[in-house]
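*Asks:* The chain contents come next:
Protein chains: 4
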Amino acid sequence: MSTQQPKPFEYPIRVGWADCDPELIAFTGRIPNFALEAIDAWWQSHMGLDWYALNIDRNIGTPFVHLSLDFSSPVTPRHTLICTVELTRLGTKSIQYRVCGYQGGTLCFEGKFVSVFVVAKVLESREPPADLLALLSPLVVEE
Amino acid sequence: MSTQQPKPFEYPIRVGWADCDPELIAFTGRIPNFALEAIDAWWQSHMGLDWYALNIDRNIGTPFVHLSLDFSSPVTPRHTLICTVELTRLGTKSIQYRVCGYQGGTLCFEGKFVSVFVVAKVLESREPPADLLALLSPLVVEE
Amino acid sequence: MSTQQPKPFEYPIRVGWADCDPELIAFTGRIPNFALEAIDAWWQSHMGLDWYALNIDRNIGTPFVHLSLDFSSPVTPRHTLICTVELTRLGTKSIQYRVCGYQGGTLCFEGKFVSVFVVAKVLESREPPADLLALLSPLVVEE
Amino acid sequence: MSTQQPKPFEYPIRVGWADCDPELIAFTGRIPNFALEAIDAWWQSHMGLDWYALNIDRNIGTPFVHLSLDFSSPVTPRHTLICTVELTRLGTKSIQYRVCGYQGGTLCFEGKFVSVFVVAKVLESREPPADLLALLSPLVVEE
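The listed protein sequences correspond, in order, to chains A, B, C and D. Under this note's numbering, the residues of the first sequence are numbered 1 to 143, in order. Under this note's numbering, the residues of the second sequence are numbered 1 to 143, in order. Under this note's numbering, the residues of the third sequence are numbered 1 to 143, in order. Under this note's numbering, the residues of the fourth sequence are numbered 1 to 143, in order.
None of these hints come from the bench; they were simulated from the model. Watch out, some of these pointers could steer you wrong.
Unchecked claim - Here are a few chain C residues that face chain A, going by a calculated C-beta distance under 10 Å: (1) Ala-18; (2) Asp-40; (3) Leu-132.
The beta-carbon is built from N, C-alpha and C at its ideal position, and this holds for glycine as well.
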């Protein structure tokens, strides 16, 4: 019996002049920001609330404890950047994402991002609440 | 016979309001940028030219192929951020750095950054020139 | 005889966690960047080339000599930010835009941006070429 | 009888690769951020608390209602950027600054920034408290 992976969430980003450095490509430091924006949009799309609402309305934060990125092709303004976001692990206190960036069908970068759940106002570790857990659990795909 | 490691290069960064998010800590996406600025300053200090001069005056670029960061303590405006930069590997075509960030004596993050040498105008792989190699080689420390 | 102004170009921007400061609103320094991104998108939409293509493919730059912004309501992630862009002056060597930002129907900011045409590689003043002038001229609206 | 203006506060900023666009100069959108960082540092130096401490420890915010900038010379990594900050107006509810940026002795930009005092948690207008007023008042220079 095969389990079919759902098609990953796709988030398009306009890459522009502001993102580029004198090498005529998006500056390295912009790439993690693209990926983080895509994860923020994933929350909005899949959980019904973005990080801002999660933090302010629910008092839950998800600070990052790890991120890693491999860059395989430069990002430029010549194409829209399509970021895919997948949930690759869900622990009792942490969550892990894979974010890939594509331009014109070419993989530009692949990244792993790990964050933990905290009580926002005090930055203390906590488990995600039942309603979010119920939404998150079915979304986990193979790492 | 002991070999003594040189004290790592220290680069101070003022963390301010502009860097902080609603969780009252420096936004995750700012941290890679702090580390990259520290590496740029390391070039200026150790090689006598920063990435801008390296690119424009010498036609050499060092695009990144990998970065990874582990975050252990939040970065805030309460302390200066001290970034240490060390050269941990020097290949024929690539270079690897370790960057650690400290505030008030506490380690906030540790990162690994790998870039490759290219002909800047065409982004084609190349070896570093002899004069830079002579400066870089003695600086390599244990990974 | 009345001349009807065309409906201004609208460019939507997703405001997220990354844009917000500890006051829970988009940081002041982000607003000019939102407006500049909207002008870059206006070029792409109306001229058929964005600043990146204008600079690299046509060797024309448009560095800014002035910008001013009045802020009337905070920008937050609660609504999409709609930026309108209008061409309000076209001189022989300069160009002026009005950019307004709206969220949920409320004006958040209004700005004036003035840039000059230059030969990109040398940053020397020049007039816009005939083909761009022909596209730009009919787009000028009342200041 | 002449009144001597005090020498303006000077805040040095390292301009680097990360700040530059494909035109090989600091991107326009970076300049307001340089100026805002300088004003934040001015608070720390003259008031004994930066915007972060002002907001969190004193529950006072200073959101901006206006900013304008004139650019006269490009900013590049070739020189340190020296930002001068002066207090040019102090109203019962607002405060105005002049920020000038210099590189190698050349004026690169001059800006005017106006912000209002608010109760931070609710963004409601307020007058500055007596202790801050006492520190601010003697610092006002001619506009």
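*Asks:* Compare the structure with the hints numbered earlier in the document and write down the numbers of the violated ones, lowest to highest.
*Replies:* 3
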